[in-house]
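> Here the protein sequences line up with chains Y and Z, keeping their order. Just so you know, the working numbering puts 126 at position 126 of the first sequence, and the rest follows in order with no gaps. Just so you know, the working numbering puts 1397 at position 397 of the second sequence, and the rest follows in order with no gaps.
Because the hints were derived from the structure by calculation, they are not lab data. Take the hints with a grain of salt, since some may be wrong.
[Unchecked claim] Under the rule of at most 20 Å between Cα atoms (straight-line distance), these lysine to aspartate or glutamate pairs were calculated in the EDC-like manner: (1) Z:Lys1246 <-> Y:Asp154; (2) Y:Lys65 <-> Y:Glu43; (3) Z:Lys1125 <-> Z:Glu1324; (4) Z:Lys1437 <-> Y:Glu69; (5) Z:Lys1165 <-> Z:Asp1179; (6) Z:Lys1125 <-> Z:Asp1141; (7) Z:Lys1290 <-> Z:Asp1161; (8) Y:Lys65 <-> Z:Asp1429; (9) Z:Lys1186 <-> Z:Glu1245; (10) Z:Lys1437 <-> Y:Glu50; (11) Z:Lys1437 <-> Y:Glu43; (12) Z:Lys1345 <-> Z:Asp1059.
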Amino acid sequence: MATTKRRRLSPGIWFLAPFCLFFLLFFVLPIGYALYQSLFRTERTGLYGELGTHQVFAGFGNYAKVFAEGAFVQSVLRVLGYAVVQVPVMIVLATVLALLLDAASARGVRFFRSAFFLPYGVPGVIASILWGFLYTPGISPLVSIGGHLGLTPDFLGPNTVLWSIANIVTWQFAGYNMLVIIAQLKAVPGDLMEASRIDGANAWQAIWHIKLPLIRPAIVLATVFTIIGSLQLFTEPLVLQPLTANVTSTYTPNIAAYADAFSNNNYNYAAAEAVLLALIAAILSFGFLRLVGGRRRG
Amino acid sequence: MTRRSVLAGGAATALAGTGLLAGCGTGVAPPPGRSDRRPGERVTLNFWSWVPGIAASVDLWNKRNPDVQVHLDTIIPGGSGGYAKLHAAVHTGGAPDLAQIEYHILPAFMLDGGLLDLTGYGIGKYEHLFVPWQWRQGVFDERVRTVPQASGPMAMFYRADLFAKWGIEVPKTWPQYRDAAAKVRKADPNAYIMAFPPANSAYQTGLAWQAGAHWFTARGQSWRIDMTDPGSTRMCDYWDELLHEKLILAEQDMQSGWFAQLQRGQIVSWVGPQWGDALLMGNAAGTAGKWRVALMPQWDSSHPAAANWGGSSTAVMANSQYPEEAMRFAVWLNTNLDSVNLLIKGGYGWPALDNAYHRTILDRPNKFFGGQRYNEIFAAADKQIDDSWMWLPTTASTLDHLNASIAGAVNSGGRLVDALRTAQRQTVDDLRAKGLKASGPGKER
Chain Y
1 MATTKRRRLS PGIWFLAPFC LFFLLFFVLP IGYALYQSLF RTERTGLYGE LGTHQVFAGF
61 GNYAKVFAEG AFVQSVLRVL GYAVVQVPVM IVLATVLALL LDAASARGVR FFRSAFFLPY
121 GVPGVIASIL WGFLYTPGIS PLVSIGGHLG LTPDFLGPNT VLWSIANIVT WQFAGYNMLV
181 IIAQLKAVPG DLMEASRIDG ANAWQAIWHI KLPLIRPAIV LATVFTIIGS LQLFTEPLVL
241 QPLTANVTST YTPNIAAYAD AFSNNNYNYA AAEAVLLALI AAILSFGFLR LVGGRRRG
Chain Z
1001 MTRRSVLAGG AATALAGTGL LAGCGTGVAP PPGRSDRRPG ERVTLNFWSW VPGIAASVDL
1061 WNKRNPDVQV HLDTIIPGGS GGYAKLHAAV HTGGAPDLAQ IEYHILPAFM LDGGLLDLTG
1121 YGIGKYEHLF VPWQWRQGVF DERVRTVPQA SGPMAMFYRA DLFAKWGIEV PKTWPQYRDA
1181 AAKVRKADPN AYIMAFPPAN SAYQTGLAWQ AGAHWFTARG QSWRIDMTDP GSTRMCDYWD
1241 ELLHEKLILA EQDMQSGWFA QLQRGQIVSW VGPQWGDALL MGNAAGTAGK WRVALMPQWD
1301 SSHPAAANWG GSSTAVMANS QYPEEAMRFA VWLNTNLDSV NLLIKGGYGW PALDNAYHRT
1361 ILDRPNKFFG GQRYNEIFAA ADKQIDDSWM WLPTTASTLD HLNASIAGAV NSGGRLVDAL
1421 RTAQRQTVDD LRAKGLKASG PGKER
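Please work from the sequences and hints to get the whole structure.
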């Protein structure tokens, strides 16, 4: 008994081992290290700690400070506000594009599919630089066209720059999410569509009653990606930072943690911020999954 | 390379956190006055820097010193991530022998224990070669911790052609500068005398420095933060007024939109650092010949003062196995005239080498500035800098706080001095978060 069991198990373990190893090494271990670091703080004597430096256990002191200082909380609220607008826009746009390309009457499907997907191939930094030029007064054609029409668009203003960032992100990822949804649309059985046509369903009815329910998993997936992406907003605001005074060093949770770790060199505090952000992302993602999952069961 | 493996062992056991490692940083340094190099042995020093054109100087050293070769690693500029890399390297014992570190960041590396105390290696005999105030930027607790390289004395770049066309006299005081700003607005509705960067706090720090502020001082073992002294307050109120009356433009400097406006004559002056000359020449080439340089406008003409923006040093890191050779290279790099001339060509800033103006290629007329020997002005400015300015171990966060609070004040029409007060409170918190003692301008809290 025992020998057969072992024989059956061992190949599986070998297949799993590489994944488990890297998962432990590059996922579990760093998270554990961040958790550990977030529980300590440094005490120093002298102006530069030259008379003594000690690492002391702080309990949840760093977490308390994150909440007390408020800048991080504000950054979380900012990205949540951003997500409330950005997630629906992104998902609706991706779904509409996917359905358009899937429509029976669509022309030039291959061209448009590539064209919509193309921005995803542009690295985030490059995309942000590119849009940065389009946002900067004095060199942006958009701003000068606006000027000729009597408008004074301010893409980098205190109340607008967040939506300029949302625009970059939508431009970049709508095509990607569209592709995820298209893949699922391709899996909609042809006989189902044929049956609906025979039963007299028009295109709208087919979308509403057949396609949308069947691509629901893909939409859920894209939504979770977008929620997580919103919370982790980093590249776009960081690249726009030199162009505007309105992207601060605590603009998004990730930028705040980055600044605290690497510019302020306060790893313990940054670790607490990172752990909190991971918690929030987990709560929101699993919360959303539970929400849609629950409805399905109901 | 053996140094790496020796240190790797020490670093692994100390990987527990920043504090423990800070202690370790100084622990791995060999006893002062000793080097691991045997006579005649050929060694290689690692050097991290991002200064444009520094490779030429390094090459020259390597040609002249076959036994002590310097391997230059060009890293991204400190503020953009270079310091993050260096801090991490210090923590893990993998720091290079030498690194580029700006004056305002040196105290942060003091906190790490990353800087070698050069006093025991006889650095004292080179002191007379350097500009005294720049030298003092690297002295902490009477120990010399770095070799100064360059600074950024500030003066006023201005468009002489437009000033003449619009009948504007070159302002010598800040009130005159205000009048000049109004005249520019009247002469051309698209033009401003300058752009006030709401989130480039190194700029406002320089302005406060000129106004006689001492934001950061030490009282015994405790830091005292005072960013709302009378000088800073006067400076803030002045810019409040210019902003409210829309005599100047609130816009980030040194970015593409700003350069475009310089090109078009829509921004006609810049109270900027000496190293800004390369930025103007490189990004507003079309305006060549039309610029001149004058001393910064003054608060009190009877006590002329200039400001400083930026400054950098060549630091020997605490874990260097060849500290003597590293120090010798750092001193040569920043005092040898051939090397300094190469660095000036690269646009590295104002030399820390004393009396550099007359001894180097700085003393030359320049076509971009209409044939003016414009560095003469910076040489004069350099002599007017208040040399007692100190930086904090948390300067980087203070500058971040200022960026946020000043931008907030400019957006909402609030007072700049209140923005400074906010940053002052945050700075005290930052220092305490580092486990240091700090207080605001009032009584001890």
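> Decide, hint by hint, whether the structure agrees.
Consistency of the hints with the structure:
1. For the proposed pair lysine 1246 of chain Z and aspartate 154 of chain Y, the alpha carbon gap of about 17 Å is at most 20 Å, so the pair holds.
2. Restraint check: the Cα-Cα separation between lysine 65 of chain Y and glutamate 43 of chain Y comes to about 16 Å, which is no more than 20 Å; the hinted pair holds.
3. The suggested pairing of lysine 1125 of chain Z with glutamate 1324 of chain Z holds, with an alpha-carbon distance near 13 Å, which does not exceed 20 Å.
4. Note on lysine 1437 of chain Z and glutamate 69 of chain Y: the hinted pairing holds, with a Cα-Cα distance of about 19 Å set against a maximum of 20 Å.
5. Between lysine 1165 of chain Z and aspartate 1179 of chain Z, the direct Cα distance comes to roughly 16 Å. Compliance with the 20 Å bound is thereby established for this hinted pair.
6. Distance check on the hinted pair: lysine 1125 of chain Z and aspartate 1141 of chain Z sit about 18 Å apart at the alpha-carbon level, within 20 Å; holds.
7. The suggested pairing of lysine 1290 of chain Z with aspartate 1161 of chain Z holds, with an alpha-carbon distance near 6 Å, which does not exceed 20 Å.
8. Restraint check for lysine 65 of chain Y and aspartate 1429 of chain Z: the C-alpha separation of about 10 Å stays at or below 20 Å, so the hint holds.
9. Between lysine 1186 of chain Z and glutamate 1245 of chain Z the CA atoms are separated by roughly 13 Å; this keeps the pair inside 20 Å, and the hint holds.
10. Under the criterion of a C-alpha separation no larger than 20 Å, the hint pairing lysine 1437 of chain Z with glutamate 50 of chain Y is consistent with the structure, at around 13 Å.
11. The straight-line distance between the Cα atoms of lysine 1437 of chain Z and glutamate 43 of chain Y is roughly 10 Å, inside the 20 Å bound, and the hint therefore holds.
12. Proposed proximity of lysine 1345 of chain Z and aspartate 1059 of chain Z is supported: the alpha carbons are some 15 Å apart, at most 20 Å.
Going through the hint list in order, the structure satisfies each hint without exception.
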